[in-house]
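Protein chains: 2
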Amino acid sequence: MRLSALRPLARYLPILEWGKTYNRDALTNDVVAAVIVTIMLIPQSLAYALLAGLPAEMGLYASILPLVAYAIFGTSRALAVGPVAVVSLMTAAAVGNLALQGTAEYAAAAIILAFLSGLILIVMGVFRLGFLANFLSHPVVAGFITASGIIIAFSQLKHILGVSASGHNLAELLHSLISHLGQVNIPTLIIGVTSTAFLFWVRKGLKPLLLARGLKPRTADILAKAGPVAAVVVTTLVTALFGLQNYGVAIVGDVPRGLPPLTWPSFDMSVWSSLFGSAVLISIIGFVESVSVAQTLAAKKRQRIVPDQELIGLGASNIAAAVSGGYPVTGGFARSVVNFDAGAETPAAGAFTAIGIALAALALTPLLFFLPKATLAATIIVAVLSLVDFSVLKTTWAYNKADFAAVTATILLTLGFGVETGVSAGVGISIFLYLYRTSRPHIAEVGVVPGTEHFRNINRHRVNTTPDILTIRVDENLYFANARYLEDYLFDRVVGEKDLKHVVLMCSAVNNIDTSALESLEAIDHRFRDMGLKLHLSEVKGPVMDRLSRTYFLHHLSGRVFLSQYEAIQELSKSADDGHEAETATN
Amino acid sequence: MRLSALRPLARYLPILEWGKTYNRDALTNDVVAAVIVTIMLIPQSLAYALLAGLPAEMGLYASILPLVAYAIFGTSRALAVGPVAVVSLMTAAAVGNLALQGTAEYAAAAIILAFLSGLILIVMGVFRLGFLANFLSHPVVAGFITASGIIIAFSQLKHILGVSASGHNLAELLHSLISHLGQVNIPTLIIGVTSTAFLFWVRKGLKPLLLARGLKPRTADILAKAGPVAAVVVTTLVTALFGLQNYGVAIVGDVPRGLPPLTWPSFDMSVWSSLFGSAVLISIIGFVESVSVAQTLAAKKRQRIVPDQELIGLGASNIAAAVSGGYPVTGGFARSVVNFDAGAETPAAGAFTAIGIALAALALTPLLFFLPKATLAATIIVAVLSLVDFSVLKTTWAYNKADFAAVTATILLTLGFGVETGVSAGVGISIFLYLYRTSRPHIAEVGVVPGTEHFRNINRHRVNTTPDILTIRVDENLYFANARYLEDYLFDRVVGEKDLKHVVLMCSAVNNIDTSALESLEAIDHRFRDMGLKLHLSEVKGPVMDRLSRTYFLHHLSGRVFLSQYEAIQELSKSADDGHEAETATN
Chain A
4 MRLSALRPLA
14 RYLPILEWGK
24 TYNRDALTND
34 VVAAVIVTIM
44 LIPQSLAYAL
54 LAGLPAEMGL
64 YASILPLVAY
74 AIFGTSRALA
84 VGPVAVVSLM
94 TAAAVGNLAL
104 QGTAEYAAAA
114 IILAFLSGLI
124 LIVMGVFRLG
134 FLANFLSHPV
144 VAGFITASGI
154 IIAFSQLKHI
164 LGVSASGHNL
174 AELLHSLISH
184 LGQVNIPTLI
194 IGVTSTAFLF
204 WVRKGLKPLL
214 LARGLKPRTA
224 DILAKAGPVA
234 AVVVTTLVTA
244 LFGLQNYGVA
254 IVGDVPRGLP
264 PLTWPSFDMS
274 VWSSLFGSAV
284 LISIIGFVES
294 VSVAQTLAAK
304 KRQRIVPDQE
314 LIGLGASNIA
324 AAVSGGYPVT
334 GGFARSVVNF
344 DAGAETPAAG
354 AFTAIGIALA
364 ALALTPLLFF
374 LPKATLAATI
384 IVAVLSLVDF
394 SVLKTTWAYN
404 KADFAAVTAT
414 ILLTLGFGVE
424 TGVSAGVGIS
434 IFLYLYRTSR
444 PHIAEVGVVP
454 GTEHFRNINR
464 HRVNTTPDIL
474 TIRVDENLYF
484 ANARYLEDYL
494 FDRVVGEKDL
504 KHVVLMCSAV
514 NNIDTSALES
524 LEAIDHRFRD
534 MGLKLHLSEV
544 KGPVMDRLSR
554 TYFLHHLSGR
564 VFLSQYEAIQ
574 ELSKSADDGH
584 EAETATN
Chain B
4 MRLSALRPLA
14 RYLPILEWGK
24 TYNRDALTND
34 VVAAVIVTIM
44 LIPQSLAYAL
54 LAGLPAEMGL
64 YASILPLVAY
74 AIFGTSRALA
84 VGPVAVVSLM
94 TAAAVGNLAL
104 QGTAEYAAAA
114 IILAFLSGLI
124 LIVMGVFRLG
134 FLANFLSHPV
144 VAGFITASGI
154 IIAFSQLKHI
164 LGVSASGHNL
174 AELLHSLISH
184 LGQVNIPTLI
194 IGVTSTAFLF
204 WVRKGLKPLL
214 LARGLKPRTA
224 DILAKAGPVA
234 AVVVTTLVTA
244 LFGLQNYGVA
254 IVGDVPRGLP
264 PLTWPSFDMS
274 VWSSLFGSAV
284 LISIIGFVES
294 VSVAQTLAAK
304 KRQRIVPDQE
314 LIGLGASNIA
324 AAVSGGYPVT
334 GGFARSVVNF
344 DAGAETPAAG
354 AFTAIGIALA
364 ALALTPLLFF
374 LPKATLAATI
384 IVAVLSLVDF
394 SVLKTTWAYN
404 KADFAAVTAT
414 ILLTLGFGVE
424 TGVSAGVGIS
434 IFLYLYRTSR
444 PHIAEVGVVP
454 GTEHFRNINR
464 HRVNTTPDIL
474 TIRVDENLYF
484 ANARYLEDYL
494 FDRVVGEKDL
504 KHVVLMCSAV
514 NNIDTSALES
524 LEAIDHRFRD
534 MGLKLHLSEV
544 KGPVMDRLSR
554 TYFLHHLSGR
564 VFLSQYEAIQ
574 ELSKSADDGH
584 EAETATN
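Sequences listed follow chains A and B, in order.
So for the first sequence, our numbering puts the first residue at 4; every next one is plus one.
So for the second sequence, our numbering puts the first residue at 4; every next one is plus one.
The hints are simulated quantities; they were obtained by calculation from the structure and are not laboratory data.
Be a bit skeptical, because a hint or two may be false.
Stated by the list, open to error - Derived, one-sided and incomplete: chain A residues facing chain B with beta-carbon distance under 8 Å:
{"no.": "1", "residue": "134"}
{"no.": "2", "residue": "401"}
{"no.": "3", "residue": "487"}
{"no.": "4", "residue": "546"}
Beta carbons: idealized from backbone N, C-alpha and C, even for Gly.
Build out the structure end to end from the sequences listed, making use of the hints.
Written as structure tokens, this is what we have:
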């Protein structure tokens, strides 16, 4: 009895489910995973805050309470939430319209953005609107991520070169970088290029080396993931020892020591309303990315995640980020895989990671004073270049030209006009192309395969037809976008056919007929009657027939509805023969 | 040779086609029809100009050159173009945002709107974009026309009452009318109410009376259509005789005598760009209305119209309207039916009508001086109330709730926020609801009907299944909007099924699999493999299989592709038995 009474609560609090069976083994595994993820997350959090144009500590703050919130409300056992590259870029684009980087308004707007994004995600979760995310087609998301990766990499070049540059699209960034090329700072360039080269080597060359030395694959993998920490430690030490900040190397500087301040986002209607659109985009992109990572990892253990509850989990994380001085967060791919590989068993691993980051915020921040921004930029560049993947162009070109058009437009528009234009246009183009395709459905004229009851396209097979019966098979749902096309097709087809008496519409592939299509069928029937033709239907599916029988259409229909196309041809040929015999008789 | 050389020209100039066989009989029929349509069109043109807020003569001008242009470029043999009610209302809404009624800027903006609309229609015709009009579902158009009719009728009440009022939506109109109720002009009210009552009687009561007196139905019909002319003549005479203009009756006044001036629309980038959106809506609404009238009439004579060429015909008409002082035009329903019933055989009837209206502009305009605006308002009210038809609410409620939602929203938004908001929202809602519906497709778990090779829904029929094979039939195309839904459905379904070994996806109703869905299938296959399951496909359609075979999906697929579902079950049961035997053998 008590358990079933808990159920509605358990829907919103998955922690009640896995918490019941939590034991020492799971605890050990979760703590080990949390330690590894913490080490990986510290430099990432600082770097992504830099990418978002925010103070470094906001990256740390966004990696504490949000993880606890997700541990309570999330359904994935391995997802690690926190600041991620693409959402950080989108934050910079959204907030950059309202305030200048470095100002208090800028940071306040990022906090409001997290709060709005959290509210939107929770509302979507409560009303089970997760399906809205489906309107982002996979190729559009792939193109968007690739283009974002390129923009992110170029946006970080200024830190590697030690110049100031800005821009939310590729043209602005390139123009800004080129016009500042004269001011390149050599010590910064050396740190940046060395760090980038080192991190690339760690990613590509270190693991094989460790394996060759006899390490276990898992250990080698985790060690390779710690590369950024090594880069951070070494470059910070070098900068501190040689006082490189005096030679123009930009450093992180004073990072407030301590836990995040708990605050409430400031309410300013104009700021809220101007951030709303961006918050919707960030919520949906973040959700799509996060769910796909979570589903991939859950499937490996035959676990399941609940997408609508994930919305609530991510929403709670973003609210948590907003009230603790963070900025928009979502589930990250790389860190979730590390978390999973390191053996995390429950969302508690996330809560332990939060404790790790909180300890870092308490103890380590003074050590970050001399950390060069160039090192953080190098970790971002190496991380995002793995997002850049143009293979989607090749696969869509081979498989589906409409998808190719959508992904190309998304990439070009994202590069040319920034992330928000790119992803909005991608959604619009996907929907338009789908409607366009279904608005011109495949329509086949069919005949019977001799000696069988099967009907096939007359252009592809040797089939028999009779001049007084025309059978048309439409391979698409009939709805407003293609209703007129069907009308036009049928009239063009029958005009001038003097022997024709019957037109049979074979509906075996029609899953739905909407009101527009119903009216088109009525118009077709009406006009056919004027022409002395009869309209018949065959192989109408059960649910479609249920609907049709609630209308007058079937009463008014000049012809009949046949269960099978074979029956239609048999019955109609017979009546034609009867007519012919009758004629003969009267002669 | 010469004919075939002409063909590309004949595509754009249908006149070359029907002109070849034009003879004395056709000429006689066309002239008779033209005379009747001219008599009907004169009061209509004046009235609709009034509705659009334009000087009366612009209505006449819009009924001369545009008809000639359509005669040359149009494909319908009976369509009568000119000013129509809904387009006139949309013109008033569009132009009213830019200028005050009665100013030269207002008239100039209406001319620009016609020009833009003409250009848009021609571009759509040349690039064969007529399918864009299909995104307006029939119920949305029906709801829009009904709501427009109500707004139009209320907008004319001020002329009947003799007060000044304005507004582009119902609330504005009602508020404005009520606040002016104290200023009602009694002579105007008498003329207005009498005319309205007379015209209603003509429409409903005259024809039966004439039939009872022994007139032929066609003659009675045409005489009844001349009612507005009688109202115009009588009220003009009464006003002139009693000098009612001195008692506050608003009259048409000085209408310039002569043919329209040929001009070029003024070019002002800001005006053009602010009218562009309205021009798109007017073009599409005008085209949809016009094509449906033209198709209905063409079918009655087994003729055909070419929608993409209709775009060019209507585009040319609007350009002609713009260069001759008119405003946006399209094919009208009532006048086209009259034209058809009166025996029009070719588009030449339209050109002869144009001559008739031109003669009226030359000779009759002085006689229109004393015509009361209340009479014109009465003709509009009686004409548009036939557009108001709420039956679409009933039919869609019974047939398709999504269509009901779209039509209700369109009606409410049109009434509440005006025509442009209403129709834009209608399109958006139609598309959203279609995507929503297809994003949650009907998915059935199927089993074999005992003793047959047929597979049916396990929830609807008595069928056999085996615990190690799950067969799922998806009754929808697989594309981005439902790809994730399918993933979620399948994972939810298989989690916890310990005996399950094979999942067969029966694709008999799948007409298309886009890149997103393909990636979902790959993800499903990948995760199933992690779970120790095999994914199979059955009954994949030819075109879908053609596409799939161009990808790596089939190479990587854990299971097989079966031609028929029956074959799938037979083969998979056999292999399961083999496995079982093998197990038994090792025991």
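Would you pick out the hints that fail for this structure and give their numbers low to high?
none
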